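Next come the chains, spelled out residue by residue.
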Amino acid sequence: MSEVFPLAALAVPGTGSEVPDTAPVQIAERRPGAFVEIRLWKESPRLSGTIAAAAECQELPAPGRVVTAPGHMLLSAGPARYFAVAQEEGLAGRIAGVVAPGEAAVVDLTHGRVGLRIAGPNAERLLQKGLAFDLASKSFPPGSATTGAIHHMAVTVVMIAEETFDIFAMSSLAGSVWDWLTDSAVEYGWRVTQPIP
Amino acid sequence: MSGYRLGSGGALVDRDVPLSFTFDGKSLRGYSGDTVASALLASGIRVVGRSFKYHRPRGIFSCGPEEPNALLTIGEGGRAEPNARATTAELHDRLVAVSQNRWPSLDFDVMAVNGMLSPVFTAGFYYKTFMGPTRGAWHVYEHFIRRAAGMGAASGKPDPDRYEKSHMFCDVLVVGAGAAGLSAALAAARSGARVVLMDENAHPGGWLQATTGRINGLPALEWARATVAALRAFPNAVVMSRTTVYGYYDQNQLGAVERVTDHLSEKPAHLPRHRHWTIRATEVVLATGAIEQPVLVDGNDVPGVMLAGAVSRYAVGYGVAAGRRPVFFGGNDGVWEAALACADAGIAVAAVVDPRAQPPHDLAAACEAAGITARAGSAVVRIAGSKAVSAVEIAKVDAGGRITGQTETLAADICATSAGWMPAVHLHSQAGSRPVFDDERGIFLPGEPRERWRSAGACQGIFGLAACLADGESAGLAAAEAAGFTGEKAQVPATDDSREPAQPLHLRAVDSPRGDKAKIFIDQQHDVTAGDVILAHREGFRSVEHLKRYTTLGMATDQGKTSNVAGLSMMAALRGDSIAAVGTTTFRAPYTPVALGALGGREAGRHIRPLRRTPMHDWHVGNRAEMMPAGAWERPRVYYLPGETLEQAYVREARMVRQSVGIVDVSTLGKIDVQGPDAAAFLDRVYTNMFSTLAVGKARYGLMLRDDGMLFDDGTSWRLSETRYLMTTTTANAGPVMQWLEFLLATEWPDLKVHLTSVTDVWAGMALAGPNSRKVLERVAEGIDVSGEGLPHLGVREGVIAGRPGMVARLSFSGELAYEVYVPARFGLETWEALLEAGREFDIIPYGLEALGTLRIEKGHVAGAELDGRTTAADLGLGGLLSKKKDFIGKQMVSREGLVDASRLKLVGLVSREEQGIRIGSQIVRSSSRESPGPSIGHVTSNAYSPALGKYIALALVERGSEMHGQAVYAADPVRGRHVSVDVRDAHFFDPDGSRMHV
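The listed protein sequences correspond, in order, to chains A and B. Be aware that the first sequence starts at 0, since it is given in numbering that gives the first Met the number 0, and climbs by one per residue. Be aware that the second sequence starts at 0, since it is given in numbering that gives the first Met the number 0, and climbs by one per residue.
Next up, chain B with everything else stripped away, as it sits in the complex (with noise of 0.2 Å):
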């Protein structure tokens, strides 16, 4: 226990609002407005994890979303979320944390052994061991490496909670709202532009939220606070706090997500837990600030080594000391200001070590009054301890970190190191600007804008305070303007930050009293160490990008926002270049993690995707249909009779349709109103055969190819009108048979005037076939002749069924005579509960999918599985239909001579010879043997118990299929275990001559 709550102080918390939680079940205090960590340090938890390869123990290091330690498994059951940072989880009431990657325990955790084989676990470990002729190895250990590394575990069960996505549009966004981005966002708003600023945490401020400084004369935090109310103030402006600006990406779009319930203990069951937003800004200001970095010293994984600023900000921002004896590290100003301002806060600070040989006199009279020990031209050079920090040695250092005198130790609990502060460029190098290093003052810079974006404040590398209010005024303004508002300089905001800080050392490592063996690690989340570093240097693998790679520095959750610029640093220094010379990688989305769940919204379980329904669906429903999925649309099956089987129900409905009559829900065939003066002569170059030739009142079977010469669809299309045609397509087919027809309207014949409009959803369409139809038909059609004559094949009758306006045309699928009766849709369960009871003495039955698939199959017509983009009109059977006399969209290369090779798979029917069916998928074989059933010829692509045969048959396309009829062969379905013995034959199975549909 080192951590504790300071008796006062604590702009962030409010000490009336006291919340109990849990970590590794034991309870603890916090208040409300502490995040996980500041809570837990105030309980004086210092161990929280186990790190990801060598199982060390691990603490809180910093205080933001840079935390590559502090990873916690947070909430239980369903909500559990695995690896969530401590440092920016809210703490609520009753909130239970668990620590991560350890057995039995955090304290005593088994595989800590794996620190002891640290030698063999490098860099490139996998690589070197499980290659070449030990690669059948890992197949053997990956279970154990994958049980021993990694992280937090998914819980594996149902997340419980909603998520939700939306669009945003403003004139400018900025992201961050520390002093730049309040000032940005404040200078905008008085113009008039629609303003949005999100930022990622529960409170504005950023890093006022540590600053003892006064804007306006008011502690910084509390003018962030106002400046917030007053941005609220404007109708134009939107101030949205606890939401992530993520990923920057093409057309000045930004993806964000809002935490919306993570910090309530109580979750209404009305709000998402996340929103996710798509922004798309017509300027954006990037106020995303700097992310501070540590120096790289021999122990500084040990619990206890945390990031100066961290340390301040838990002081001054949640009022909690993280030790009771910090000592402060770092060759830049901000290290005396942070542990001053814990020294107000009331931690006793032991010391602040300073590698600059003169450091600044005012901050060092500043320490000294404060009773602070200050060791200038010094470094840590060592920090000793295990499970917490116990001491640091202490040595005089030169420039580039070298010890150059006598180690000293200091009794210490916390080292707070700084190696400076590193701008956050992730959303700019996201946008596509790549960071520029400045050498001289050795952090990396936005590259050139290649989007609408501008920064302001510490991510363009300005630092002080009066500074970045000054810059995010400016940038506002400026974002405003070029967003077509004008705006008005205001009064920059007045602080009492008057110093110049002094020239900073960057000194990002230092050197070791025990050499080669210090323990440095570079990149803590993935345990790469400094020896990681040197050896991809002496292996070659010295760009960065190989470097990344190969340690995997940078690669875990936190992407190196505290480790990335150490490696490059220390790769530079191994390849003797600039840190500019080895470059750096591009930094991708998301900048922190996100959610799968927030990523897909509600388009989960039910929601995944829209259902089309027809308008007679609820009846299907209602009367046992089983409905399936076809294309977007839900059809009816089959419909049960109790204790029937899928066979028995279909068989039933089929046989039926061919005894008397039946009726289906044809309410899905594609509908295209196709209308103008080139309406025909449009058909006739799209369809393979001749359509200007149709009567009206006629209906034609048509073939559409595809411009390579396949088979694109079916259909039959029924001229209305001398300009007016409605065509049909089919169920699956309807979509994209419009955007092709309207392709081809649009870029190869604008000439032509013809209109397309899907009236698919118009019509309500059902099917009368058997037998007994025309008498089923005659009861309910008014006005409309359909006897034979009245009514011939493939004549279309507009008049009234049941009462309703409506269209009648003569068509078969199923080879009975049969009719598709069209109403409008609204009318549509009226037609057919009408159609139902004028066929009751005729014992009609509503028939499903698979019955409708059995009758075609029986007749040998094709269909969507036959139609399968691979097969042409001539294997088919269908090359009759390609007219000779004109031209259409396909003919120029259905001749070329892979489409007419005689080896093709040819259309064929096949009939089981055993008492099995043949099942889809199955491969056409010669060979009776299941072992060695030989090359296929073939494959089945419908299948069926056909009634009329009291047989199993199928259609297949086997290899010169024509050839072939009078052959027994092999229906081959390894994978299911079937192996069934078939006779080919023509595919027409029944009716051959079509008698039964002339009637």
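Just chain A, with the same shape it has in the complex (with noise of 0.2 Å):
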């Protein structure tokens, strides 16, 4: 026994469901290392820089948007609230380090968050099911992230890019969002691929 995913159980690489003509849409967990939470109380280019450099990131998002670097990916979830998600574990301990207590909060919430990447022509389709904001490109372009509600869930969605899409929710709905995306995706047909960190 090791360390459990929260859909090691139902998201089984090449299983799925077909619909003839059909591209079926691409489902992977995400298994990122490290989803850490980070709020400042006191924005500054000076700790804006030394926490997007900890993150490995040339900067802080600006609101509503994703920075990114190999392995590495900051989101803004809210004003002076960012969420980093790094391919490698630690990431939490070491902002925290960088950051003195008067200056910033630091959660590690790696292992409350499930994640999935959900890819391909009907991605944004099947999404559009649940989110009750705009999908389109010309409203959410690659690049973007927001916090929105499937099926009564919260769930972070960041557009990766065209056609493809992160969303990331509880760790304990991973069944309910499961079910939710599977079901959803049932007129398009579906895909599991290997997880992605």
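There could be a bad hint or two in this list.
As the list claims (entries may be wrong) - Below, computed lysine to aspartate or glutamate pairings styled on EDC-like, alpha-carbon distance capped at 20 Å:
no.	chain 1	residue 1	chain 2	residue 2
1	A	41	B	750
2	B	266	A	20
3	B	25	B	80
Stated by the list, open to error - Some, not all, of what chain B presents toward chain A, calculated at C-beta under 7 Å:
no.	residue
4	165
5	603
6	607
7	609
8	672
9	674
10	756
11	761
12	825
It should be emphasised that the hints constitute simulated quantities derived from the structure, not laboratory data. The structure displayed is predicted, hence computed values, not measured ones. C-beta: ideal position from N, C-alpha, C; glycine also.
Need the complex rebuilt from these two chains, each delivered in its own frame; the hints are there to steer you.
Below is the structure:
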């Protein structure tokens, strides 16, 4: 027995359903090594730069946007609030190590989130069944991030690229998110691919 | 039999694709593209249903969503849909349709006897019959009345279809794909705006389907199809047919239902039957068209009486003759045009009857050339027949519809009437704009917009084809520009529609030669007659709102689309007022009926709500746990051994905890990371007791009050560092506590540097409880001294547990020596199994909520059942936790008179004096009499069988409870038939000095 990811028993690579002549939605569990919440009490260029550097990104993202670097992603999560996602572990400690207690709060949410990558020509249409904000690239272009709700479940949504989205939800809801996603994808078909760190 | 399929024509049907279907078990045939109504008419079916109240035979009246009569049950088994409109239901192979509201058959309906009692069943029948002294009679007759009235019945079987919901966003939404809507969508699409065009029909075109005219040289319907193709070529335009926009809500949010598979004989399992769309549009163009209105004539509900436009639409669109000798009647040019279209399609039109003294010469000449008899200055004053029109009586009338000459009888099997077209202003009205009546034109027009919509075409009183196309173009362009796009005016399509219509005569009703014996139905779906409106007027129900409710006019599923105006017109005449003075009711969503399934979507059955599960969920299920809901969570109730009852299982589990050790999944407890320089000060304000004095590495039990002084929640908070706490809350209250604390920080104390994050899901939590719990923990804890001194009561330590980083807190809910172990969630299962393995030699058992509850009740610990929003800290014996040294939320209110009243309910313990349990919810009474239990002095909140005491026990809230100790009372549960004798005592049943957990 070892570390058990929230969707290990459900998002089994190679499984799925098919609909003739329809591109199936590609689904993969995201298994980042770190998912960290950062809240700044006092924003300053120095602090922003310090935190961005600790997260190995160039800068903190603008509201509603994402900043990426190889293996790293910083998302805007609200006023003075960010999520840092990284492939490697231990990011929360590294960020906490560069800020003073009065400057920012750092919370390690790695084990508290389930992540999914959803891709394909029908990915937007699928997510639009649950999300009540406009996912079209004009309103939510690649590199956008926000928080919404799917079937009463809060989710952080990131548009990684055209036809590719990441969503993160509370890990206790992994089964319900999976249930909603695969059920909503029935009309397009869906296929599970290898987990993504 | 009088309707038939014409030898040619019918642009909407494909004669190469024949379809078979049944109606009341009779096999019939139609073509692909037919509606059920067109196929029934083509098959010569005249009577399709029985009316709501009088069970009169009724036929197809219209060809659209306004249909009041042709309501059928379509489909079989769980898919049987009652009250489906035959005029909009698309035919598919093997469709099964059944008529409604008749017994034993449509042809011979016993309940038609109601028709003879019609003088009794007038408006207000129920109010007059079942009010006052005869009110009780309702209970006698209700069953029979409900069986006799009403239309179709639900199948009562599970619906096998899927329904889905989705969201849509666009710059311009165009509702209606008639001439104006198509034109508007095209203009908006050219600007680059994201355009969605929705239409309720299977095919675009609206009334172009009944038009013989041409647009840009093409037959009108072909132009409509070409326009849709052009729209679909735009990457920024979407055209959705079979999609009804049924509701218009605030901030330009609209509701629509797309019928995905209703028209398919084989329903693909992966497709939903209906898809509900929630649309948020920047701008809306309402091109909803107009609805033709009938002329009220004596005998107007006889099968074969139809709207004039419908008769021509069936002929032109479907290649169906509704009858062999139709007579057309009405005071507008459309009646002549409909007659000519039918004649052109090959139908032998008997006559056109126009009350205008001078009907248009060109149309009259065309009719004469087509061999159609014309009667100017006349009206159809009576329609003869019972199950089918057999003849019409015609007479000279004046402009008010009063007979001025002799009657003449014409043989006819169809009487097609038209009082003109009424703009469909339903969505406008739903959007908050009350329609305005145009007295001169005799129509309702949309009111001033209160949302971002504009009208186009017939729905704002623009009726000519060329005018509609031009109006649509302007509206589409204006909408796109209002949404921030720039467009250019394009050339409006050319039409051959050059004639100016003649002045219509707004004749909505004509007198009958039978005088008061005339049978004129205003609202055919609800069997509301002209006599009912006269009665309502006579009895003082003269406002439009009173008229509607007293007579039920316009309250059927068609919402009075062909009856409201006639009813208003009649009331206006009776009052001697204008229609504008009588007013109009507000249209409400939905425009047409919406299946409940579409509104529910997939949120049904096991998808009804999301469930939260702990990291050990699968282990519990795999080890015979019965799971139960706890808030949004699923938690183990008990773990059964073979053959055990629920009580045996939880008693065994609780006993093992007291004897040795047990483990319970507590991952569901709410956990909030409280972080920041002001974290300690913040907790001092929200808890009743002090937390700033808590040492790092220690936990403290705390109470939270609401601002009205009532208990809100309880739990422990652990000080992890000078600036960081881990707050725990009850499972059910985790969300509300988080919201409340966020609210306080955002509104009351924005100056505090505190950040809250829910970390409930970050940690897997498990509690080890029992005298051997320390021994178990010792085997897995690394770098943590778990001895009594190393980890004292309420101590918190971070370290390694079973090889994973985690935290241990010495806390007890059971009253035993106990520890809460937290590890990161993904290691939860591994740690759980490691603890079970470590406890194997102590016969460790997992225990569920029932045993957890039993153990805490034995200790007198309160939980959610006692913190029910009506209790104070003092009520539950926790008054000592209210600090006198500091302020806290709720402090100012906690000492108000009502909260310190000596007679308040107080927490007590109950012990059953009998061999039976004390039910939760039982009322505490003093009397031993089940029959006369006397007043309630309290109620039971929690119960259990106590293995420690060997008795059934309970916690209860009882008036002056602390003074009741030692008294015998009764727990009365009359609903479930129990009256249990109980002793009142202190709530701390077991180990009251707490010695077992301080070892």
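Hints, one by one, checked against the model:
Pair hint residue 41 of chain A plus residue 750 of chain B holds up; C-alpha atoms about 12 Å apart against a cutoff of 20 Å. This hinted pair checks out: residue 266 of chain B and residue 20 of chain A have alpha carbons roughly 17 Å apart, not beyond 20 Å. Restraint check for residue 25 of chain B and residue 80 of chain B: satisfied, since their Cα atoms lie roughly 19 Å apart, inside the 20 Å limit. Given hint, residue 165 of chain B at the interface with chain A, holds; its Cβ is 4 Å from that chain's nearest Cβ, closer than 7 Å.
Interface hint at residue 603 of chain B: violated, since its Cβ lies 11 Å from the closest Cβ of chain A, which is beyond the 7 Å cut-off. Because the closest C-beta pair between residue 607 of chain B and chain A is about 10 Å apart, greater than 7 Å, the hint is violated. A least Cβ separation of about 4 Å between residue 609 of chain B and chain A falls short of the 7 Å threshold, and the interface hint therefore holds. At a threshold of 7 Å, the smallest CB-CB gap from residue 672 of chain B to chain A is about 5 Å, leaving the interface hint in force.
Evaluation of the residue 674 of chain B hint against chain A yields a held restraint, the C-beta minimum of about 4 Å falling below 7 Å. Because the beta carbon of residue 756 of chain B sits about 4 Å from the nearest beta carbon in chain A, less than 7 Å, this interface hint is met. The beta carbon of residue 761 of chain B comes within 4 Å of a beta carbon in chain A, closer than 7 Å, and the hint placing it at the interface holds. Annotation: residue 825 of chain B was flagged as interfacial toward chain A, and the flag holds, the nearest CB pair being 5 Å apart, inside 7 Å.
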